[in-house]
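Novice: These are the residues of each chain, in order.
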Amino acid sequence: MAARGRKKGTGNVARSADSASRGNGGERVAVAKTYKLYIDGRFPRSESGRYYRLERQPPGKASSRNGGELIANPCRASRKDFRDAVVAARTALTGWSSSNAYLRGQVVYRAAEMLEGRREQFVEELVLQGVPRAAAADEVRASIDRLVYYAGWADKYQQVFSSVNPVSTPHFNFSVLEPMGVVAIVAPESSGLLGLVSNIAPAVAGGNTCVVLASQTLPLSAVSFAEVLQASDFPGGVVNILTGLREELLDQFASHMDVNAVVLCEGDADAARKTQQLAADNIKRVVLRPAAAWDDAAAQSPYHIGDTQEVKTTWHPIGG
Amino acid sequence: MARPDTKLDFQTEWQYAPAPETTDHVRIDPQYGLYIGGEFVAPRSGEYFDTINPAKEKKLARIAKADRGDVDRAVKAARRAYENVWSKMKPAERGKYLYRIARTLLERAREFSAIESLDGGKPIRESRDVDIPLAAAHFFYYAGWADKLEYAFPGRRAAPLGVAGQIIPWNFPLLMAAWKIAPALACGNTVVLKPAETTPLTALKLAELMRDVDLPPGVVNIVTGAGETGAALVEHPDVDKIAFTGSTEVGRIIQRALAGTRKHYTLELGGKAANIIFADAAIDQAVEGIVNGIFFNQGHVCCAGSRLFVQEAIAETVIARLKDRMETLIVGDPLDKNTDIGAINSAAQLEKIEEYLRIGKAEGAEVYQSSARLPESGFFCRPTIFTGVSQSNRVVQEEIFGPVLSIQTFRTFQEALDKANNTPYGLSGGVWTDKGAKIFKMTRALRAGVVWANTFNKFDPSSPFGGYKESGMGREGGLHGLSAYVELH
Amino acid sequence: MNAAQQLPPRLPEMDRVTPVDEVGVEERVARFGTRSIKKDSKVHALKLALSMIDLTTLEGQDTPGKVRQLCQKAMHLHDSVPGLPHVAAVCVYPTMVAVARKALQGTEIKVASVATAFPSGMAPLSVKLEDTRVAVAEGADEVDMVISRGAFLAGEYQRVFDEIVAVKEACGRAHLKVILETGELGTLDRVRRASVLSMHAGADFIKTSTGKIQPAATLPVTLVMLQAIRDHFRATGRRIGMKPAGGIGKAKLAIQYLVMLRETLGAGWMTPEWFRFGASVLANDLLMQLEKQRTGIYQSADYFSKD
Chain G
1 MAARGRKKGT GNVARSADSA SRGNGGERVA VAKTYKLYID GRFPRSESGR YYRLERQPPG
61 KASSRNGGEL IANPCRASRK DFRDAVVAAR TALTGWSSSN AYLRGQVVYR AAEMLEGRRE
121 QFVEELVLQG VPRAAAADEV RASIDRLVYY AGWADKYQQV FSSVNPVSTP HFNFSVLEPM
181 GVVAIVAPES SGLLGLVSNI APAVAGGNTC VVLASQTLPL SAVSFAEVLQ ASDFPGGVVN
241 ILTGLREELL DQFASHMDVN AVVLCEGDAD AARKTQQLAA DNIKRVVLRP AAAWDDAAAQ
301 SPYHIGDTQE VKTTWHPIGG
Chain B
1001 MARPDTKLDF QTEWQYAPAP ETTDHVRIDP QYGLYIGGEF VAPRSGEYFD TINPAKEKKL
1061 ARIAKADRGD VDRAVKAARR AYENVWSKMK PAERGKYLYR IARTLLERAR EFSAIESLDG
1121 GKPIRESRDV DIPLAAAHFF YYAGWADKLE YAFPGRRAAP LGVAGQIIPW NFPLLMAAWK
1181 IAPALACGNT VVLKPAETTP LTALKLAELM RDVDLPPGVV NIVTGAGETG AALVEHPDVD
1241 KIAFTGSTEV GRIIQRALAG TRKHYTLELG GKAANIIFAD AAIDQAVEGI VNGIFFNQGH
1301 VCCAGSRLFV QEAIAETVIA RLKDRMETLI VGDPLDKNTD IGAINSAAQL EKIEEYLRIG
1361 KAEGAEVYQS SARLPESGFF CRPTIFTGVS QSNRVVQEEI FGPVLSIQTF RTFQEALDKA
1421 NNTPYGLSGG VWTDKGAKIF KMTRALRAGV VWANTFNKFD PSSPFGGYKE SGMGREGGLH
1481 GLSAYVELH
Chain F
2001 MNAAQQLPPR LPEMDRVTPV DEVGVEERVA RFGTRSIKKD SKVHALKLAL SMIDLTTLEG
2061 QDTPGKVRQL CQKAMHLHDS VPGLPHVAAV CVYPTMVAVA RKALQGTEIK VASVATAFPS
2121 GMAPLSVKLE DTRVAVAEGA DEVDMVISRG AFLAGEYQRV FDEIVAVKEA CGRAHLKVIL
2181 ETGELGTLDR VRRASVLSMH AGADFIKTST GKIQPAATLP VTLVMLQAIR DHFRATGRRI
2241 GMKPAGGIGK AKLAIQYLVM LRETLGAGWM TPEWFRFGAS VLANDLLMQL EKQRTGIYQS
2301 ADYFSKD
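Residue numbers (our numbering), protein chains in the order written: chain G, 1 to 320; chain B, 1001 to 1489; chain F, 2001 to 2307.
In case anyone wonders, no lab produced these hints; they're calculated from the structure.
Possibly wrong hints are sitting among the right ones.
Stated by the list, open to error - Only pairs whose alpha carbons sit at most 25 Å apart, straight line, appear in this in silico PhoX-like list of lysine-lysine:
#1 F/K2212 - F/K2066
#2 B/K1469 - B/K1352
#3 B/K1337 - F/K2212
#4 F/K2292 - F/K2306
#5 B/K1337 - F/K2292
#6 F/K2306 - F/K2073
#7 B/K1435 - G/K312
#8 F/K2047 - B/K1337
#9 B/K1361 - B/K1419
#10 F/K2252 - B/K1056
#11 B/K1076 - B/K1263
#12 F/K2066 - B/K1337
#13 F/K2038 - B/K1337
#14 F/K2306 - F/K2102
#15 F/K2047 - F/K2250
#16 F/K2306 - B/K1337
Values in this document were obtained by computation on a predicted structure and should not be read as measured data.
Whenever a hint applies, use it, and build me the whole structure from the sequences.
Specialist: In structure tokens form, the structure reads like this:
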């Protein structure tokens, strides 16, 4: 799916191909995409009706602050949208966390299959948002491979991190990992797709459900990724994706009493401190992931799954 | 305890009509070559043998007979692929080939299931619901390990061994191929695999599949043949690792042959598992566990629960319910979806089983068989139980590998445990009790590699499987199953 | 016809009832679901299922007119196709029994009535017995009672037992079906215990559910109850019937129940005398499947009367 306007040099998704306005008559008018939120397996607009402008930047720069040509009007999610997303994630949690690991691995793998089939679309979309083409292609490839990576961990991290504990009394004692529950994820600002995938995949492979705040300056890939998730047999509510303003929503992500863990990516010292303070209200687990080279091999590991797991230990007598 | 006028009658007016699996979508070629270096090639000797459908005694295809020279070709192809391609490939990319195999196998699941039942005799329901899905799951599971070995062995770097020679049996042909190939490839090795003589077809179809998903030539090679082909593989000097599943008798031969060589080896051999039912068990589910343990797959299961130990207080009721259940087991055409017990794999195996039935009778055992009507042609055996036997009976000591169960009673925990362990085998065991503490006491004391509590014959790619004592050494499946295919530095 | 029990009924020891493993039951049930019932064996099963239906209406809004229409359907399932069996019974509230009896006069279709403060059973025993007597006096051939689940869960087994004994007596010659309301019992262990208790107390049939709560009948609870019936038969020689009720709307599911019945109890129970489906919409799906078998063409609900 080639970006319409790209060939004409405008890169403008929201507007039709220029030729139409020139009254050429021979050109086909493009059907522009509306970027919505992804909540409970569906694509609603923000209940507030608000949006923000995503503008085209000079090549190599991805920031929508300085004015420029309009690319899209992503939804500006409200606290109520976040609230609804948490409800969806909580409802979906029972089914997802109790599904067997093989199934979760297959669903995550299917997301890789779906993303692979849509490579060109995602590359074009990243380019539209200001990512150089070669880097965009690398990012999409790496995102697919990252999904495959975590799909493969779904039925293995338990074996690596669990234990049978040799207690000194006649008890069979074993410790297993269990998902924390609903995880709120503030996705990396710097990486619209790979950074997003790198944080969603380990959380859900581990049986959690999540509500994700996309990068504010690179939000479009997140919405398109939601389409990939929907096509991948993810039950509605397992992953929920919001676009909006970080400064408005960060507090919500950190303070909601029905969220079990918050993952803050690329937060500065202030943001980290505020998040931890707000999280304390319900002793929310806080995972800080500083700015990273998301394409580095070090950016993927089973420890990222472990970050959103609890440990449960059970005792049982050994006897007659 | 049961009154004489309370027999249940399962010969109802309502009978199940034949429900044959369609096979018009199934492709079996009239002849198969050896799969070496990514291609099907003729055997050097030009010799072929037939593989037949044991339910109809009809030929299915001609299969190439690999001689020493062919095995050498295959090992060379595996070595070349290892040196030039497979060991140089990024581990994550190796994993992706395994994922492709898993996914494509599921796409072709129905065809593989039908062929598995045609070639080996197991009911289509089992191939369809158990063998093929599990085989695909094994590939899927091990695909994920390919780029994660650094986490599997704390403090050690895992490196592949090189070329693995693998010999598999006829009781779960495709599943055994998956159990062997998947971990070997995931750990970076290449493979020469010899399927069983009577069940080569699904391995050959798997070879086609691997070619279709562009697995680099030589990474997996299939050499079909009989014992001599296997011996040639075991003895080949350029094989780094031998993996064998089969009888203890042959396992012994292989271990001797490998003595003094540098070759790594793992063996998964026979068993004579004890299935122990305590008086406080959930009895109806335990009876189903007995049936799962010995009658499904025609008893052709190394970990079959072939020695039943039932606590005396409930023995009569368990045996009565078991007999009722046996009456509802349908012995018939493997391609009929309602068949519970299919064909015995070969004439030779049927003869072995019948020999044990003769031995049992001669030893004074009471023999009970269900009243199942057997098909007129093909190799079939009714589900059978021996009562009035003890540890000293040959039919209690020796592996029969058929739908034949010996039943003994016991009185105390210790007695059951002692008798369960009183065997040179140690592959598996079952314990049925509602009391958790007893389960853990039994599993701690039972000398077997797999213990099933309140269940039986459960398998999962993530769950290690393998035996103690003469049931072999090494584990397949799970994290522990990786050890067999790596060298740790 | 059941042989009358020789001895006065005695509560069996509840803690000696065999435990039930839920995972094992689910596996066994799943295997029944793999039976492939085709061609004439499918036709046979569909007709057998039809003959086993207790066509039911148990609504607060039932009227004589509604009941008459139901009885009409019971007698004329689908007259355009000859050779169909009739349903086993019609099941109504006690106040509708007389209407049903009149409407079904001259047929072999039985009149079953719920009683004992159905569906909750939350009434004094005297009320429940009176409810039973009314149903019997009005002419019910069969009485479907509910056990006191609250008492059962509280461990008051003797009380639950005594109630059944009393209701059985009030039934006179009418057959007694005892509804366990398995959806409220919670575990298969309790289903087994309630089955054993009810059979010892004199039940002629044990029945899963009132159909008024979820879950109603399921394959796992039915299997456990069939196994309890089997063991009771073996121990006492007394045959007891079984009725799953509620939630069985599709022919395919009904056939699965028949497979389970066949392979657990066998020929002795494969008749309407010993097995019933408590159902309302099942009949039409069975009829549609029969037509499909006959013509080879998939059917539409528009062609089968709704009552």
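Novice: So which of those numbered hints doesn't the model satisfy?
Specialist: 3, 10, 12 and 16
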